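A.B. asks: Based on the provided sequences and hints, a complete structural model is requested.
Chain residues, written in single-letter form:
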Amino acid sequence: MTLETFEFVRETPPLGEGDDPLHGETMELNMGPQHPATHGVLRVKIELDGETMRKIEPVVGYLHRGKEKSCESLGWAKFFPHTDRLDYVQPLMNNVAYALALERLAGLVVPERGQVIRVLLMELSRIAAHLIYLGTTAIDLGAVTMFFNTFKERENIYTILDAYTGHRMNNTYVRIGGVFADVDETVEGLVREFLERLPAEIDDWEKLLTGNRIWYDRNRDVGVLTKEQALAWALTGPNLRGSGVEHDLRKTQPYSGYERYEFEVPVGTVGDCYDRYLVRVEEMRQSVRIAHQTLGHLQSTRGGEFLAEDRRYVLPPKDRVHTSMEELIFQFKIVTDLRLPSGEAYHAVESSKGELGFYVASNGTSQPLRCHIRAPGLMNVQAIPLLAEGRLLSDMVAIIGSLDFVMGEVDR
Amino acid sequence: MDVAGEATGTVPRVREALEGLEHVWLAPRDGLPAISVARSVLGDVLARLKQRAGFESMTFITGVDRLPAVPRFELVHQLWSLAHDDRVRVHTRLADGESAPSCVALWPGAAYMERECYDMFGITFDGHADLKRLLMPDDYGHHPLRKDFPHQGIEPDRLYREWDRNRRSHWKPRETAP
Amino acid sequence: MGSLRPVAEADGTGFVASRVDALVNWGRKNSLWPMPLGLSCCGIELMAILGPKFDLARFGAEAARFSPRQCDLLIVAGTLTWKMASACRTVYDQMPEPKWVIAMGVCSSTGGMYDSYAVVQGVDSILPVDVYVPGCPPRPDAVLDAIIKLQGKIQRERPLARILHGPSVVDVRGTGLNLYQPNATVPRSKADLHPHDPRAARRG
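Protein chains in written order, with numbering that gives the first Met the number 0: chain A, 0 to 411; chain B, 0 to 177; chain C, 0 to 203.
Because the hints were derived from the structure by calculation, they are not lab data. On a predicted model such as this, the values are computed, not experimentally measured, just so you know. For each residue, glycine too, the CB sits at the ideal point set by N, CA and C. Some hints could be false.
Stated by the list, open to error - If we take Cβ atoms under 7 Å as the criterion, some of the chain C residues that face chain B in the derived model are:
#1 K82
#2 S115
#3 Y116
#4 Q120
Said to hold, decoys possible - Only part of the chain C face toward chain B is listed, based on derived beta-carbon distances under 10 Å:
#5 W81
#6 D114
#7 A117
#8 D123
#9 S124
#10 P127
#11 V128
C.D. replies: Here's what the structure looks like:
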């Protein structure tokens, strides 16, 4: 197998007499798939006229692992670990999105404590994902300190998740009907400590970046996205909100009990990279606010059920599986032969990249008919030519960072 | 989510926009307003949904391979309206080899979605300027999400796995510690 | 490691040769410059290893240059797909000798949980790997352990023998395999499965 060869397509006519000698030819530059600043294995073919990008073509698929096909082969219950690895900077969010779609298909309701734990996990994942955005975009634009700052805070989230789930990332801790195990006092203490410290850290980082002349100049009026463009190009999440659209699935179509929480939805004005940066930083603060409220709810629902009771779909708690024959049989049956009712369902969550949705179709057998993953990252990648054409090459890095996609979910 | 039946406006609005075009209302398990249309009116249906019913954004376009049913493929478009905050889903059945109208002119964001449908199922879209593979290499010869395509792939993947298995069968554990 | 003879033997064993080897290996193992090929989730853990808590810099591996021409340790972190395989091989080929490869995570070791049409079942199908690190993703501690194991492996190499005898003879890594095979092709056709027997390829 060879890399596809480039054909040199001459967009501008050859140099003639009296022509400006500096605008004779264009050059084709290949960015990726191995590149520090493409946030994964993205390849962008750029036709350059000097430093100006004339034509841009992203090439995706370098991380296509066949997940949608895997779902059909593995079955609904065994696909959970695969969902973690979709948008791998926020694994639990993808887990919850998939579980919600299956629960919608099955008509299952998650008990309140299970919902509260899920909201806590989702907000921690959102903070983690925005930390990655901040750290990697900043280091790509030269602010190397931010990488170390944000990864230090990510380590704290990893400590919490390690104490709770046993693994730092790709936790797969969500099940159909709730979560795998209950949150105990140690984990609550760790979360409280983390949430108390984070806002001060974010203030610190804003002192580094928000008023910084270099950051401002590199991001202000770069990659301007209007509201109509955002809607036509199927962009959602912070990219849409940066362009002035106040839309958040947690407010418009609440799931998992989000209607019980108080939080604001930050909205930008201009729709450039700087606005998207401000939106994401403010979203981190709002996530901290929501997470504080979940701690309160956890206290009030102490002792409640975190897993629904439905023998057909819900895995029994592991301690009972190891001691009781009946639960062992149910565990075996659900993992190998889970049947969901025939039909289709779509459920979307507000992930850190946008609207992450799962369209699941079942024909009543144990083999899934279709599981389509509506990945917001794919739409974000599609918007790169829209935002970057005509700009200078160095703006490409700012635009890729501010569109914020993760190749695991783009390619699936 | 709008529940079809509790008409907060979606169903009447869509019905009014699609006046004159044949469509059948479905009752999916998630309660989303969903219609089934024939392939011949699909292009008009999508245009009317954008222009008259105000669905400014396309959420996803995907296919479902319902082998051995005929027609084989089901093409699903899901649309979203910001102004009215609701969604609608359009289902069409396509035979193997039949092409569908492209909606890139209406929603530029549908370009990658249609390319992915082509890549995974082999469904072509008329009017798409640049219909090539999105996720698989450009010279790949199969459409992976079809039901008759095995999970582990066909040639040359089978050859590769045979080579890999033979290679691994010769490995032995080390005799002495390093 | 060589006997206590006061002069270097012609075959590269002997006291002086082994001391030269030890010096060169000491220098190499303590200045491994990683080339992070962060393909997917393991790439995030790799970034965490380069981060403040699990500091890879204390092993001398601070200069994570993203250009293969300036690195000597390729860390393949993540799932390798067929579409990416040629790029990965190109990156490996662009690295100058001496070079080592760590396959981080189960996806790059054996294909991981992805037994599908698009995933290479292990990066060792296209590159020679020195250390495999299981885990999905492996804890940073596990990768640091792999670096330490690799340092041990480097310490056992015999670079002087290679200089004296050339690449064809020497088994510098102690594995019994001749690993210097640039541009080894992955079999993608029947002829590749039977490289020495064209009739078998035609027979199928």
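A.B. asks: Output the indices of the hints that this structure fails to meet, ascending.
C.D. replies: 10, 11
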